Every structure is written in structure tokens, then in C-alpha cells.
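Asks: What follows is the residue order along each chain.
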Amino acid sequence: MARDPAFHPPKSPFVEAMAIFLGNRAAMAGLIILAVVILASLIGPSLYGVDPKATVNAPFLPPMEDVASPMGTDYIGRDVLAGILSGGPATIMIGTSAALVAVLIGITLGALAGYYGGLIDTILMRFTEFFQVLPALLFAMVLMTLFTPSLRVTIIGIGLVMWPPTARLARAEFMKLRNMDYVRAERAMGARDRRIIWRVILPNAMPPLIAAAALVVGVSILFEAGLSFLGLGDPNIRSWGEMIGSNRDYIFDCPWAVFFPGIAIFLTVLGVSLVGDGLNDAMNPRFRER
Amino acid sequence: MKQKLFFAVVLVCSVVVLNFFLIRLAPGDPAMTLAGQAGGADAETLEEIRRTYGLDRPLAEQFFVYAGKILTGDLGTSYYFNLPVSGLILERLFPTLLLVLSSLVISVGLGTFLGVLAARNPRGPLSYIVTAVALGGYSVPTFWLGQMLILAFAWYVPIFPVDGMAGLRVRGGLNQIVDVAWHLVLPALTLGVAFMAQYSRVSRAAMLEVLDSDYIRTARAKGASEPAVLFVHGLRNAILPVITLVGLQLGQILSGAVLVETVFNWPGLGRLALDSILRRDYPTILGILLASAVVVVVINLATEAIYRSADPRLRSGGRH
Amino acid sequence: MNRLTGIAAFVPRALRAAGLAAALCVSAQIAPAEEPQRGGELVIGAGYTPPSFNPAVQSGFGAGVPGAQLFAGLVRYDTDWTPQPYLATDWAFSDDEKTLTLHLVDNATFHDGVPIKASDVAFSIRAVKENHPFKTMLEAVDSVETPDDGTVIIRLSHPFPGLMLALSPLLLPIMPEHVYGEGDLRTNPHNLQDVVGSGPFKFGEFVNDRYLTLERYDDFFIEGRPYLDRIVIQFVRDRSNMALLLKRGEVQYNPFTSLTLREVDRLSGSDGLVAVTEGYSGIGAINWLAFNMTRDPWKDVRVRQAVAYAIDKSFITDVMQLGRSVRATGPIAPDTPFYTADVALYDLDLDKARALLDEAGYPADADGIRMKITIDWIPGTIEFGKNLAEAIAAQLREVGIDATVRSLPDFASWNTQISSTSDYDLSIESVFNWGDPVIGVHRTYVTSNIRPGVPFSNTAHYSNPAVDDLLERAALETDPELRRQMYVEFQKIITEDVPLHFLHVMPYHTVQSSDLRDLPVGIWGAMAPFDRAYWAE
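Order-wise, the sequence lines are chains A, B and C. Mapping of the first sequence onto this note's numbering: residues 1 to 290, in sequence order. Mapping of the second sequence onto this note's numbering: residues 1001 to 1320, in sequence order. Mapping of the third sequence onto this note's numbering: residues 2001 to 2537, in sequence order.
None of these hints come from the bench; they were simulated from the model. Computed from a prediction, not measured in an experiment: that's the story for all the values here. Where hints are given, some of them may not hold.
Unchecked claim - Simulated restraints on C-beta separations:
id : chain 1 : residue 1 : chain 2 : residue 2 : range
1  : C       : Ser2514   : B       : Ile1129   : 44 to 52 angstroms
2  : C       : Ser2514   : B       : Leu1126   : 53 to 61 angstroms
3  : C       : Glu2215   : A       : Pro62     : 23 to 31 angstroms
4  : A       : Lys53     : C       : Thr2294   : 28 to 36 angstroms
5  : C       : Ala2364   : A       : Pro89     : 45 to 53 angstroms
6  : C       : Ala2364   : A       : Pro62     : 17 to 25 angstroms
7  : B       : Gln1062   : A       : Tyr116    : 54 to 62 angstroms
8  : B       : Lys1222   : A       : Trp198    : 22 to 30 angstroms
9  : B       : Leu1022   : C       : Glu2139   : 37 to 45 angstroms
10 : A       : Lys53     : B       : Arg1169   : 41 to 49 angstroms
11 : A       : Ala172    : C       : Asp2367   : 55 to 63 angstroms
12 : A       : Arg194    : B       : Lys1069   : 45 to 53 angstroms
Stated by the list, open to error - Stretch-level coverage of chain B by chain A, calculated; a stretch enters the list once three of its residues show a Cβ under 8 angstroms from a Cβ in chain A:
id : segment
13 : 1113 to 1120
14 : 1128 to 1138
15 : 1255 to 1264
16 : 1279 to 1289
As the list claims (entries may be wrong) - If you want the ones that stay clear, here's a sample from chain A, every Cβ over 12 angstroms from chain B, calculated:
id : residue
17 : Leu39
18 : Ser86
19 : Val161
20 : Leu177
21 : Glu186
22 : Arg248
23 : Asp277
C-beta atoms are modelled at their ideal positions from N, C-alpha and C, and glycine is treated no differently.
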């Protein structure tokens, strides 16, 4: 089973990885959770048909007391289930976009550092360290306050504090792969650095990065929720975190309006983490060989 | 090591520079915030405030004044309280350290214990439970967990206090220690859960690798008892990733503390940070960012030193 | 003493009776008169840590509550707007109303034991004039003379009817010159630590963001007072924590409660707690809807009136606020001497609103929409800002105004949009009257106070020469009845012009233990000395 990738560039690692992934029960559970969450976010709002912003029922209505509001209502009579269904897209969108920002920055810097090494590596790694000594949430909080919170600021703010681990991982992968025979072969054929970095090494470095990216999505969702909870998010975005934050003052009167959005975040992050772990197991050759 | 120290100093300096300019170049007028806090403002008051706080000077000049003061250990004066920032930070250091170290003990102790048990039989039910708990702890929003714990154990079943770090009427002696410990239970647990999850994962993975090694096989063959094999022979060799994680956790002290301290009314640095951000108290924010950067740099250096002494390969001057 | 001046002497009798009834109501609710008990400790819950405990440099209740315990004032107020002797035993105005002579008690000392002298009073007046954020409050004071240690003569450049109100401990704390006289008062370290005051309680210990303790001052100049031994102010940021602490009896007094009305409703009457509504008439907090008169369609009075007719005020006070608030009818708060309810009220009338909009040239389109607008609210004010904005947006849709609630992240951005760049349509704001109209009312209506960047200035950009003239004269009028007539006239004009539409009086509550007696419920409420407060049984 053991192959030396130095001599045979992996032909279809994805197919093989997929097989392992599909055999992983935890990962499949995660995938199912995620599928349900995404499906609910996509078709839930129109299927359920209740306006999440409007007062549709008596305030502080406990769950199941009125069939019209199965998860109860919040402090101004907004339907909690409608809020959760419509808060899903916002939450997931922010989570994935922020992760995308983080991964793009991380891969770019990590790739350059790992590929070129030397001075470039030193400089870029010092730069990475610099971002790592700042407490991530605190720094994101400062960014959110300095630049009026909006969707864009939230995404960039979270992305900016999230990239260093990805950069380190990418650097390690590039350092490992840059001396592989097939890379050397490309170089001997006169390929330019740009091509080698993006076309030759990156596809082979992708598997562990994808797994790491999935985990970044989970953390980003938690971050967005935390910022909203602290009252530093964009109050116009009705995400799950915002639901928790705004209903928190009424926690003893409608605990369900805090409980359910929290469960939604928990399940989503759990799903993402399970899938991320599964991907990691499937795509990380070291584990694959076990 | 000398070089590392040098870079550490450079790192801290760049934190100072970046944060200063980031905060000053951002939109929004601190003078307006200051005036608003006093209860109102007119143009003259604004002018006066700018003069008092040196906000009317050129930015570069403001920076050199600030940097010069830092060199003498003066972090400036809080816009809000008109008190030295260093004093405000020192005041909050103890509550935060108490909270973070307690949660560290909980998370490292429990997490590693569970991880080791799980590694013993990677396909057994315990292993799955540990993995599930670990992922669960990792996925749960900290602040939400804290809020739910308050709801359960302070509202429905009122057994734990919520008035911050200590009761007002309890003073002195053993009573006070017990009182603080009682106040500490819910926040430390909340903060500990997320990290406990990570410790159990990391220690499980590390143990899996170690248990497979010749070294352990030898220990077993020599007839060492199972607990001894696991916790003495095994853990000693699986401890490195745990140390790394401790370093990482301490480095993120404030991130976790902000949320938990807010939920539990805990009078620590995290809450000071949030309050200062909401009050636009820029000198205090700068001070906290600087202090935490210094702490992280020191911890990184310490972790590395410990790592060196714990890892035989590094000790023998191996690859580094 | 020839004439007690100030607005207080001419409070309408009916109003005074109402105030009395309210006061009786509170004491009836608690218990009949009994002998005050010495001793005990009171734990007060405060929602935030103020940057200073000295009301000379800091307005608001965060500093006002402890400030009135730490510092005595020249006069004090009960429920009826009549000044009562405090540090001053008696006082008299000259006939031209430009000189006020006060005599001080002779046994008063600061908390460091140094006797309180007239020179300290003169210093305090100068210091407050220079440093207090309310610039109009002591603007009229020209000079202060101290012929002897027990006499203070205040000379005014022009008659100023609001002067007596400004002599309360809340607005003019008497500070020792030997402690606060050095350097910039605003950055004096004794504002926050080791405060040396003159009031019934002296500074104990302050642990930042945790608690402030105040100890009984045994040499207080009023014999036998205060009754309580100790006051602890606990700072509790989080609303749900505050509710828990009150429920458990760990906090026994929470003025200006940050709890939601529903929480107030639930807590009062149970767990040994009561909710008191008295004590908030002095600040006179009104929640209103401001129109941005720098842009269309709000330049047209008909559109403003239409919006006023389209808003259901009784829904707000009776349903949303559980009947715990009352309607505000004009720029002056009810329960104050110059108030009149005889103004244009704009009771809900959707047809009239639609007719006015048609007339102004904003017909409904095919979807029934006449215009698209935004509504802002002050960040942080959820129950009386955001929730109200959302309710009003829903109500305006009924008449074809498509309103979106805009939520700004923090006070600074709100201030930029509303007062600096005037980039808004409607804005929900709660603003304090602060007793005399000169202090808190004029600022939001006079043309001269259109000041970009200054919060709570005339941000609606309302400008009416008749109003400017009226207010200018009212500020100088010393005959209370004439002055009252001017303010009645002012209220009528404003409600006709609708630069702002008045929604309700802020329903502030004090949640407190039912065993507490005689905490101040006067015009300044908890921002007054607690020397008479005691624990029953």
C-alpha cells in the first residue's frame, strides 16, 4: 500500500481519499448533519414561510405551546424557528467566506515562504508570528470597532486573524514537496516558478489544506457568533450569534430563544469538524498508511 | 537563543507600532467619545479635550511621545478613568490568571486523562465517547455554554453565585478562599471545556503513536502494570504535543477570557478589554494588546525552552 | 427670608397634589410612619462603573448616585420642586433677581475633618461652571463673593430662574478647595479614589468594576444622620446577572434599573421586591422621534404631521411597555412645573395621515408605497430604541411609508450619522430635560444650537425665529407665572411644527427591597442624599 510519492505523482488521490472518507462513520454523520443544516437554510425559509423579522405571535411564547411557533417566540414575538432557518445562510456564508479569506492569505504566504525559503521565508514567517502573538478574538474585536461593522468588515476581520495556522501548514507542505522529483523535473524543463507553485505543487499540497480549511470554517462560525454575542457584530445581519446576543437580556423570560440558536451553531460546527476530521484522516497520507 | 530574544523584542516593537497607527488612523474621533462620556459636548469642550490628551498634535509626534513613555514602563492614561493604564491592567491580572490557570488545570488534567484512556483501546466504546465529547466540546460556543450553565445552576437550581469573583460580605481567611473557589466553578468549567476537548484529542493521538513503539512493548514485556505503562511510560513520551497546546492556550488567554468573563461578570482583563473597546478607551486597548503580546512572546520562549529539555532529540542538538 | 424664588414656588397646585399622592402611594405601599432604625448595610446595583464619582465633572446617574452621598449641596429637593435647606440654612434674592445671598450651616465639615467654609462653596461654583458638561447651567454666574466664612453671595449677569435647581448636590457638589483646587479638576485623582466629600457618607474602598463602599460619616452636619452604616455599590454590567442578584436579595436597591419592563413586572411584588416609579421627574427623560429637516420629505410639515398621526402611541405605552410608561405630549416632561397637556396630540388617525401625505404630493404607487425611509435608534437602547423602531416601522407601513430599521453599531457612528452628517430620515432618541428647561430643553430647539457633531444638540435642524425669541425671553423671565405662559406657548408651537414627535416618558424604575424605607423619591430620585434611608424592623 505504501507508495513513494517522490517517484509517482499521485494520480487520483481524491478517489482514494473519497473511499476512505465514505468509510468513516463519524465523517458521514458530520456530512449528514451538514447536509441537513444546508438544506434547511436553503429551502427552509420558503417552506416554513414565516417572516423572521416580523412580530407574528405573542412575545415570550414557549416552544410547542402554539403549533404556529414550534420553537416559541422571542421578546418581541418573532418566531424563533423562522429566525434559525433564515439565520443559517448568514451564519454559514460568513463562516465560509471568512475561512476563504484566511485560507487564501494563508496559502499564498505559506506557499511563497515554503517554496522560496531563505530570506523570503524568514520575513514571511516573522510576519506570521506577528499575527500570532495578538490574541485573535481581541484583535478581531478591535478591527470590528475601528471599522464600522458590516458584512465585509466581519468577514475580513475574522479572516485576518485566522490565517496563520494555514500559512504554517502550507509552508510545511511546500517545503516537503518542492524537492520531489516531479517538481525537479518540471523545473528542469524550464517551468517558471509561478507555474510550479500554483500548478504543480499546490494541487499536491491541497489535501491537508482542504481538511484544515474545513476546520477554519468551524472556528470562523464560532468567532462570528462570539463577536455578535459581545455586541460587536453588524446588528443588521440576523445571524445565529446575533439572535443569542439580542435575546440574552431576556434569557430568563425566553431561554428557548437563546437555546435553539446555540444548538444550531453547535450542530453546524460539529458537522464541519467531523467532516474536516474525516477529510484529514482520508487525505493525510501519514494516517492513510495506518 | 540570543537571536530568538532579539526577534521577540522586534516582534513586540512591531506590535506597538502597528496597533498605534491602526487605532489612530481608523475613522471616528476619540475626542467625541470622551466628550460623550462626560455627558455632552460643544466645540470648545472638544478642542479642550484634544489639547488635554494631545490629540491635536501631528500623528508622528503622538507616536513618539507614546513610544517614549512605553520605554519607561508608562502605558499612558486611560481616557475613561483618567488612571494609569498599567495600574488598570495589573488590577485585572490576578482574576484572569486565576480563571485561566484553573481552567488549564481542569482541561489539561481531565483532557489528558481521557485521551490516554481512549488511546488504550482505539476501537473501544470509551474511545468513541471521548472522541465525541472532544468534538462536542470543541464545537460548542463558549459563551452559550456559560449562559446555559447560569440558567441551569444559578436560576433553575440556584446553587452557584453569579456576582463575579467573590461575595461582597465574605471577608478574610478560609471563608474567602472557599467563596472564591465556589465562584470559580462555573466560569472555569466553561472556559475549560473547549480546551479539554483539544487536550483529549492531542493526547489520544500522541499516545496512539507512543503505545505502538518498541519502548512501550519493552515496558510491558518487563511486566510493568497497565496504569504505569499508560501514565508513566506512555504519557512521558506523549507529553510534548500537550506542552505545545498549553503554550497555545496560554497565548490565547484573552480570547477565551473575554467571552467567559463577560458572561460571568468576572472582573478580569478580558472584560476590561471589552469595556475599553466599547468605551473607545484607546490607551487601555493599546496597553492590553501590548501586554498580551509580551505575555505570548514570553510563553513562546518558555515553551520552546521546556520543549528542548523534554525532547531528547532536541536536547542532543539534533536537527535544529 | 423674603421670597423663595425658582420655579418651584409656582408649581400648579394640582400637580403638587399629584406629587403628594404619588409620595403617599409609595409610603402607603411600604408602611405607615415608624421610628427610623440606625445601622445596617445597603447594597446598590449599578449597571456601569462611572469614570468619576464627582458630579462636578461627570453627569449621569453613574456618578450622580454615589456623588450625592459623597458630596452635600447647598439645597436639596423633595418631590415638589421647592428647594429645602441643606448646607445653606436660608437664602434670599435681591429685588432685581441678580444677586443671591446664602447662609451656611456652621457645623459642617469635609470628610477629612476640615470645616466647610464659604470659600469652598465659591470654589465649587467656579469649578462646576468651568468643568461641568452642562455649559448653560451656571453661565449666568458672574462672580461669587464670600464676606465671611458663613455667607456666600452669587452675582448674576442676568436673572436666571434655573439657578436654585443647579444648587442641588447632583449638579453642584460642595468640594474642599484644599483637595480639588490643584490642577485640572477633570483629571484630579480624587474624583475616583480617596474622594474627600461633604455628604452623609464618606469614601470607603473602590475596586474597579467590582464595587465601591461608602461608610457613614459620623460627623455629618445633620444630627443623628445618616441612619445606614454602610452603602455598597456593586457594579454589574450584565442585565441577567442583575436580575439574579436582585431576586436573591444580594442587591437590594437598583435605581435606573437596566432590567426589561417584563423583568421589572415579574420581580416586583415577589421575592420581597417592589418597583418604584417615583424619583425620575427631575431628569424628565422623553423618548421621541426626530425628523431630519435638512432633507425632503421632512421639510414639509404635512409629512411630519402625517407620520405623527400614523403612530399608535397607546400601543407603545400600554402594550409594548406593559402600561408602565406614560405618553409624552410635548417637549417638556409631565410632572414638571411648566408642563401642559393642552397641545396638538396626534392621536392615531390613519385616514388623516394618508390625506396629509396625498396633499403633500406623496401618492401611493401600485403597491401602496409612498416613500422608502429609514429609522435609526441610539445603539445600546434595545427596549426603548430598537424595539420601538421596529414597531413604528410596522405602523408606518399601514399608511404606505416603507420604513427600514437601520441599526448602527455604536454611539460614535450614530452621532456621526445623526449630528455630524445629518444622514438619516427618522431617529428615535431619548433626551433628558434636566429639571429646568434652560439646561435640558432649549438645546434641541434653538437655531443657535444647530451644531454639527454635538450629540443631543438641535439635530433635527429646526429653526423658527418665533421659538428662538420665545426661549430667549423665557430664560430671563423671573416671574414664574409669565415664564410658565411662555413655555406653554412654546409647547404649542413645537407640537404644531413637529420637528420631533413625542412618544413616551422613559419608564424608569427603581427595583428595591420592600424592607427599605425613605430612600429619596424626590425630583432627582436616587441622585439625592440617602441620609434618611433605613431598614425596617
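Asks: Against this structure, judge whether each hint is valid.
Replies: A quick look at each hint next to the structure:
At roughly 51 angstroms, the beta carbons of Ser2514 of chain C and Ile1129 of chain B sit within the given window of 44 to 52 angstroms. At about 55 angstroms, the CB distance of Ser2514 of chain C to Leu1126 of chain B agrees with the hint of 53 to 61 angstroms. At roughly 47 angstroms, the beta carbons of Glu2215 of chain C and Pro62 of chain A sit outside the given window of 23 to 31 angstroms. The hint said 28 to 36 angstroms for the Cβ distance between Lys53 of chain A and Thr2294 of chain C, and at roughly 29 angstroms that hint holds.
Our hint of 45 to 53 angstroms for Ala2364 of chain C and Pro89 of chain A is violated, since their Cβ atoms are close to 33 angstroms apart. As the Cβ distance of Ala2364 of chain C to Pro62 of chain A is approximately 40 angstroms, the hint placing it in 17 to 25 angstroms is violated. A hinted range of 54 to 62 angstroms for the beta carbons of Gln1062 of chain B and Tyr116 of chain A is inconsistent with their spacing of about 38 angstroms. The hinted range of 22 to 30 angstroms is not satisfied by Lys1222 of chain B and Trp198 of chain A, whose Cβ atoms lie roughly 54 angstroms apart.
Remark: the range hint 37 to 45 angstroms for Leu1022 of chain B to Glu2139 of chain C is upheld by a beta-carbon distance near 41 angstroms. Against the hinted window of 41 to 49 angstroms, the Cβ-Cβ separation of Lys53 of chain A and Arg1169 of chain B comes to about 46 angstroms, which satisfies the hint. In this structure, Ala172 of chain A and Asp2367 of chain C meet the distance hint of 55 to 63 angstroms, their C-beta atoms being roughly 59 angstroms apart. With their beta carbons about 47 angstroms apart, Arg194 of chain A and Lys1069 of chain B fall inside the hinted range of 45 to 53 angstroms.
Check result for the segment 1113 to 1120 of chain B against chain A: violated, 0 residues qualifying (beta carbon to beta carbon below 8 angstroms, three or more required). Three residues within the 8 angstroms Cβ limit are the bar, and the segment 1128 to 1138 of chain B against chain A gives 4, so the coverage statement holds. Remark: the segment 1255 to 1264 of chain B is confirmed as covered by chain A, as 5 of its residues place a Cβ nearer than 8 angstroms to a Cβ of that chain, reaching the required three. Counting residues of the segment 1279 to 1289 of chain B whose CB falls under 8 angstroms from any CB of chain A gives 4; the rule of at least 3 is met.
For Leu39 of chain A, the condition that its CB be more than 12 angstroms from all CB atoms of chain B holds, with the nearest at approximately 19 angstroms. A cut-off of 12 angstroms between C-beta atoms confirms that Ser86 of chain A is not in contact with chain B; the least separation is 19 angstroms. Remark: the non-interface label on Val161 of chain A conflicts with the geometry, its nearest Cβ contact in chain B lying 9 angstroms away (cut-off 12 angstroms). For Leu177 of chain A, the shortest C-beta to C-beta distance to chain B comes to about 19 angstroms, beyond the 12 angstroms cut-off, and the non-interface label holds.
Non-interface status of Glu186 of chain A relative to chain B is upheld: no Cβ of that chain comes within 12 angstroms, the nearest being about 28 angstroms off. For Arg248 of chain A, the requirement that its beta carbon stay farther than 12 angstroms from each beta carbon of chain B is not met, with the minimum near 7 angstroms. Interface exclusion of Asp277 of chain A from chain B breaks down, the closest Cβ pair being 7 angstroms apart, not more than 12 angstroms.
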